Amino acid sequence: MNDAPKNVAEPDEATRTWWEATREHRLVVQVCGDCGHAQHPPRTLCTGCGRTDTLGHHDSDGTGVVDACTVVMRAPDADHEAPYVVARVRLPEGVILLSNIVTDDPHAVRIGDPVTVSWQPLDDGRALPVFRPVFTPQEN
Amino acid sequence: MTVAIVGAAECDLGSTGLSILGLQTQAITRALADAGLSLADVDGIATTSVARFSATSLAEHLGIQPAWTDSTFAGGSAYEMFVARAAQAIEAGQCHTVVISYASNQRSAKSRSLGGVYEAHTPEAQFEQPYGPLYPASYYAMAAGQYLHKYGASREDLAEVAVAAREQALLNPRAFRYDAGPLTVDDVLGAKPLSTPLTVADCCLVTDGGGAIVLTSLERARDLPKPPVLVLGYGESTTNASMTAVDDLTVTGAVASGAAAFARAGLTPADVDVAQLYDSFTITVLLSLEALGFCAPGEAGDLVRSRGLPLNTSGGGLSYCHPGQFGVLLLVEAVRQLRGECGDRQVADAEVALAHGTGGILSTHATVLLGVDR
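Just so you know, the protein sequences line up as chains E and W, in that order. So the first sequence is residues 612 to 751, counted in the working numbering. So the second sequence is residues 2 to 375, counted in the working numbering.
Isolated chain W (complex conformation):
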């Protein structure tokens, strides 16, 4: 691989009262400053959720006419997919410097609904919406139910994921729950039930926020101020749009996306020093740990309880920030860990990081492996 991430930043997080484009601009200008670059260097843009023509609208807002754009809409995993697409575009010479960015003001704008958004022309509007599932929560709840049933796992196994995320958030001054104090398993189990077996404490936050990363060729990256973070591998898998297509809810597309990423990088799960796994819900982390090969099926609860793998070091979507699509912030934290910029939550000597995005209802899966420039 010959492409590196050279800049990474968050926009303001939490409850900002700012616009989507305003938050995007913060993320992008901060990431470019971090990279030692300017907008004049950017000839590629990847983003979603700005407008119907997302990259188009963002490019105009920034006053640039990019040679390459991508607005693949795949929910939270799109940003890991964008890393692959951007690396390919840079390697192919279509563009030289790509900004991948996302921002949402969903908390300020109160734009999130429990039931999700159904488009009247889709099969799901006819065959799923009438039954009133929470979207996406009820799907993850059914996956959790299958997981508990299949492996004899417990709600405590799920809750431990939220407890571990809070421990990390208490080390991250930018986390939404930084000042909230520790969370216990009993707190999670005793929180308001949402869609059984999940309580609201099994679910990610609803916050404003977002971030941006900047990619360019490794050759160019070595002349920039920050140490380059290499794109070592990537893989993706798209499995379902509906709630009834996947036969076994406990086996996700992360199996295929992870295998592809590890094969491309020539690495194994044992090589990963720190993992950033999309934690839309506690169950998402258990399923992803197993699918990516960090442990055997049914053993993710034990792995989380042991704190054996440095995981979701920012505090994750559960306790740090979740702006609707968390994928870009997985990448921002992975980059910072590999640069050694994480202060109290820094994983010592982290050289290989994994970021895994999950979108929709376990619909889209994309894995990225990043490493230091040895």
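Isolated chain E (complex conformation):
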């Protein structure tokens, strides 16, 4: 298990909308209103079509699939306590987020596992999205 860090680097004009949504526990994805391209992290141009004036955000449904994962066995700092899972989580929109899979059994997490978002509070009122395994009947 890992304890969330209490502080995360400040948002900028590109990422503020994304972080503000976390205060309401909404996971959003930046999408281009012109070409429909979804991208993460949020930025000031669409890497699909190059436009800078058509970017918006839409609410993701909070589900995802583990795209890649590793169990960190030696923590890099005092905010984390090994072992814990670092994973790439692929959202239905196609974008990939780096995150943690919060579970009592870190070594059981596999590529392809379905996961759902969970929130860890930060000191400034924002929240950090992490993911938990979704237990399907065949796993029980």
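Don't read these hints as lab results, they were simulated from the structure. Everything numeric in this text was worked out from a predicted model, so none of it was measured. Think of the CB as a built atom: it goes at the ideal place given N, C-alpha and C, for glycine as much as any other residue.
To list a few chain E residues with every Cβ distance to chain W over 12 angstroms, as calculated: (1) G644; (2) C660; (3) T674; (4) D715; (5) P725; (6) T727.
Over 10 angstroms on every C-beta distance to chain E, these chain W residues come out as not near it, computed from the model: (7) A60; (8) S218; (9) V256; (10) G299; (11) G341.
Simulated pairs of lysine to any residue, SDA-like, Cα-Cα distance not exceeding 25 angstroms: (12) W:K111 x W:V201; (13) W:K111 x E:D690; (14) W:K193 x E:V720; (15) E:K617 x W:A126; (16) W:K151 x E:L702; (17) W:K151 x E:G723; (18) E:K617 x E:E635; (19) W:K151 x E:A719; (20) W:K193 x W:H150; (21) W:K227 x W:E352; (22) W:K151 x E:I722; (23) W:K193 x E:R685; (24) W:K193 x E:M684; (25) W:K193 x E:E692; (26) W:K111 x E:E692; (27) E:K617 x W:G116; (28) W:K193 x W:L115; (29) W:K193 x E:V713.
Given chain E's structure and the hints, the job is docking chain W onto it.
Just chain W now, with coordinates in the frame of chain E:
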């Protein structure tokens, strides 16, 4: 191509207690002596990690005012990129003799951290650092996990890369693990886990060290004491800064950098007699072998196990030396193999060598093909 490498040398390796500039000076003066040249001949400098203005600081330290410099910061692949840039600058007439050098005292200075360094203004500080990945190890670990999952490969396939590297290090008196004895697959699998599926034995060393090479025109090279090593081709590809940009972690920028280098040289992987592939982690070698076309996807484990391709003959970053950026030492070993200077580890009749650098988190890729002067 009309440019050749005419000098190559290491600085002191291992745990030296020396400064970065002191180690740089060793590497450069030794490489120039190897080339039969002096600092007065040098009008081009390429280096990184000396200071914020790396080439500038190094040039002043050496007491020269170069007509060309490059400090492209691309991690371990920068030195293969520098070969391309230097060849172009020499061919264009901007400068005549270039020194490419690197040195680090990271072991003595204990300057390496498991989590890496995040700059607060970057997207990664907001979207990656909070989750505590080891940088770069956890990214390579996730790539390894995808590789094992995709191809049904095993941790033993990864471990074999470290075993093969140790075999080479036992033949290289300058290797950090020269006296360490053989390594077994079980040793690697049983080593302390770092970021699964990688153990500490899947990871490169943390040592002091570095090296330098000297390049000049082939015309001039033919008048110098050592046989020239020709720059036959080069290519590069930059793919990602973050851990989430690349869709498939098992397909790297080495596909593009290798294809460009082979096309420029008019060669194929079958022409390569000896390969020096950046081995920051065992997985890096498997991915690079496949991306560069030495074998089909999923078959690199078998290729390494067969010892069918002379590979990382110095002992590599895993067992010889890894000073943070290993790229220049790939070039030093490639040059020595082509000159026939490698003693017990010499690959017989090596005429074409490949050096492939990888930087960051599989971020930057640069391939160089070198050959003897026929």
